[in-house]
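**Q** Protein sequences, first through last, are from chains A and B. Numbered according to full-length UniProt numbering, the first sequence spans residues 1 to 200. Numbered according to full-length UniProt numbering, the second sequence spans residues 1 to 200.
Taking lysine-lysine pairs in the BS3-like style, the calculated list, with each CA pair at most 25 Å apart, reads: (1) 18/A - 55/B; (2) 18/A - 36/B; (3) 18/A - 36/A; (4) 36/B - 55/A; (5) 36/A - 55/B; (6) 36/A - 18/B; (7) 36/B - 18/B; (8) 18/B - 55/A; (9) 18/B - 18/A; (10) 55/A - 18/A; (11) 18/B - 55/B.
Output of the computed footprint for chain B on chain A, the stretches with three or more beta carbons under 8 Å from beta carbons of chain B: (12) 8-21; (13) 62-76.
These aren't lab readings, by the way, just hints derived from the structure by calculation. Glycine is no exception: its CB is placed at the ideal position from the N, C-alpha and C atoms.
Number of protein chains: 2
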Amino acid sequence: MAIGAGPEIERLMALLSKLPGLGPRSARRAALALLKRREQLLIPLTNAMQDAADKVESCRICGALSTQNPCATCADPARDKTMICVVEEDSALWAMERVGAFSGRYHVLGGLLSALDGVRPEDLRIDGLVERVRAGHITEVIMALPATVEGQTTAHYVADRLRPLGNGVQITYLARGVPVGGELDWLDDGTISHAFKQRR
Amino acid sequence: MAIGAGPEIERLMALLSKLPGLGPRSARRAALALLKRREQLLIPLTNAMQDAADKVESCRICGALSTQNPCATCADPARDKTMICVVEEDSALWAMERVGAFSGRYHVLGGLLSALDGVRPEDLRIDGLVERVRAGHITEVIMALPATVEGQTTAHYVADRLRPLGNGVQITYLARGVPVGGELDWLDDGTISHAFKQRR
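Produce the complete structure using the sequences and hints provided.
**A** Okay, structure coming up:
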């Protein structure tokens, strides 16, 4: 893409196009928006990214991205130490926190097991979770993993690793069913079948 | 949006969501992608943005964003000095350069006249264009402005400013018609009517 604007601008576009949700065309629009709004957007965003690059790391206890280590959630004495919610990624943790329904702590696996993508148990933060549960004081581990084949395979594997510890920890799963506002006509058969079997 | 990840990460998301094409959800995904790919994406993109903030400015002749001043196009002796292509934004200039059909120089207005948005002639780089044409050696000014009401109003206004200079400069407009691959059934009536009237 030779557009005569100089290698710096083309490099900026090329890197922006690697962000999820941005293709080559939207990356050009984003680059133009940044260059046109130098003071209001380009410089503040550059500083925010530099800040993030300097300060954000994975919490040594739960693996969540944070500017503190341990992260604010792990360090908060008001949060329930006996419950761990296991999530795939920080985005799931952020979603749970937005909802505000959970007052325990988290464990971010950092991905899901996948034979296809070559993700093995040792590539995820599973040993760390086993250690946390082995150390005691945990009464419930909630598997908040995606309702996909990889998500459920990972949940089963993790549960199999936790069960032999034999310290009475309960392993629970997010309920499956009709989402709020969901119309039956638009739902897939698997969801309807689940919701029917687990009716109450 | 309190997600417990610290103010730096929330600030990063808030700024990313100001980019065109990114809403709050895709900004979260983009932030996570950046933080997970620190070495491959976050740091290179931060450096590219810092580079752009430091080096990119508007060309003093044509107004194009460039790391050189005058820009590479204005400074290139191989490009036709007698033709100026007038565009709204750098994105249009980049599109023209990708096509490679034009070997003259450009003039970036920096926007379009709009009574609604309060954009007046003095807010655009129109005086600079008049000066370039007044200085002579220009035989053709091509209005490559959008085929919208604002685009055409701006083109008429600019043409009215250039015509009194009376140095025989020709003012031309991009052809209107059926786009390549366009099926009549999918085109708006205005385009079909234009294409019919200007049939050849």
